[in-house]
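Heads up: the sequence lines are chains S and U, in that order.
Take 1 as the starting number for the first sequence in my numbering and just add one per residue.
Take 1001 as the starting number for the second sequence in my numbering and just add one per residue.
What the hints contain is simulated information worked out from the structure, not anything from laboratory work.
None of these values were measured; they are calculated from a predicted model.
Backbone N, C-alpha and C define an ideal beta-carbon position, used for all residues, glycine too.
Fair warning: there could be bad hints in the mix.
To be verified - Every beta carbon over 12 Å from chain U, so not counted as near; a handful from chain S, in silico: (1) R17; (2) I18; (3) L66; (4) S69; (5) S74; (6) Q81.
What the hints assert, rightly or not - Straight line, CA to CA, 20 Å or less: simulated PhoX-like cross-link-like pairs of lysine-lysine: (7) K1057/U <-> K109/S; (8) K106/S <-> K71/S; (9) K106/S <-> K1044/U; (10) K1009/U <-> K5/S; (11) K54/S <-> K71/S; (12) K68/S <-> K5/S; (13) K68/S <-> K54/S.
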Amino acid sequence: DQQVKQNSPSLSVQEGRISILNCDYTNSMFDYFLWYKKYPAEGPTFLISISSIKDKNEDGRFTVFLNKSAKHLSLHIVPSQPGDSAVYFCAASAPRAGSYQLTFGKGTKLSVIP
Amino acid sequence: NAGVTQTPKFRILKIGQSMTLQCTQDMNHNYMYWYRQDPGMGLKLIYYSVGAGITDKGEVPNGYNVSRSTTEDFPLRLELAAPSQTSVYFCASSYIVDGYTFGSGTRLTVV
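Just chain U, same shape as in the assembly (with noise of 0.2 Å):
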């Protein structure tokens, strides 16, 4: 059973590049959720998907766009990277709130 699949694991971005980050589950949930974890900090919500089509933003939306095509598929875009984005990001998906399931995250570094 895979779960949920982050990729990549890490990646080192230069201010002003973009890239996204990529999320799959095989579990069939409905709902998929991205969380970034600061040093010392809980996990912020920056986006959710209720299911394919629909998305919506978290606590912490801005710089982060996102899009819902598959139930299966979740990326998390980032436009013009800023040192303020350097955290971990981690993916989850669930069918109700106690079946949350993590990806192993992706540590991304803004320089």
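Just chain S, with the same shape it has in the complex (with noise of 0.2 Å):
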């Protein structure tokens, strides 16, 4: 039973045009989210976080959006680069229940075409 969902396998964009991934939840425990982004033969490395108490969090090109009611979860990257063409995964987790672990979505390729 997935706790983490992306339903999009993959995902092709223009270079210079907006990238949307998204994610959606269903245990109502998590209140952490993060992306990760991952290049073949490397391990994932941290992209971008967002706590339940925020809506929108910006770290220069990327911006992760946070709907708690329909549980979801968006990561936004504008202008993508062909250096964005990676696996994206969406990661969550419960500190405020003392669980640090990452629970993690299947990941959506990204493709971004020059």
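If you follow the hints, you should be able to join the two separate chains into one complex; please do so.
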């Protein structure tokens, strides 16, 4: 039973346009959400996070939006660059419940076309 | 900065063999984790540790064992390897949730 769902296995976007990656979760105890980026033959690297007390967090070209009532978050990349081509994992945890383990989605492979 | 170091990077095991995947971190993180990633799947937690001497099972612990005798090291032991354990294994460490640092992975094939 997947608690974190990324329903799009892949996404192709033209360079310079916006990339929107989506993630849904089912566990209402989750209150901290993260996005990780993974290149082939490398480990995932942390990209951006958001706490449930916020609905938006920005870091340069990357913005994460959280809709708690819909149990949905999204990662926006603007503008998209070819170097952004990677697999993006959504992850969630419940630190206020004392749980720091991350539960990951299956990932979305983003291809940015030059 | 080495971060999280995993060895070996690749390994082929025969069914029934055993091996230990090594993981070392030099960031003095209390939390350490082992995940596996199967093709087209997300990362699934095998075992985790909140400090030296303390370990606990994750989502998919069967067929694996861990130990945490020091802050730095968190080896993962596979006993009686099975084809279902063919996967890419990632070790990670963290101080807090934001600070997950992953190793580069060990690609294991069981034949």
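Exercise. If you check each hint against the structure, which ones fail?
Worked result: 7 and 10
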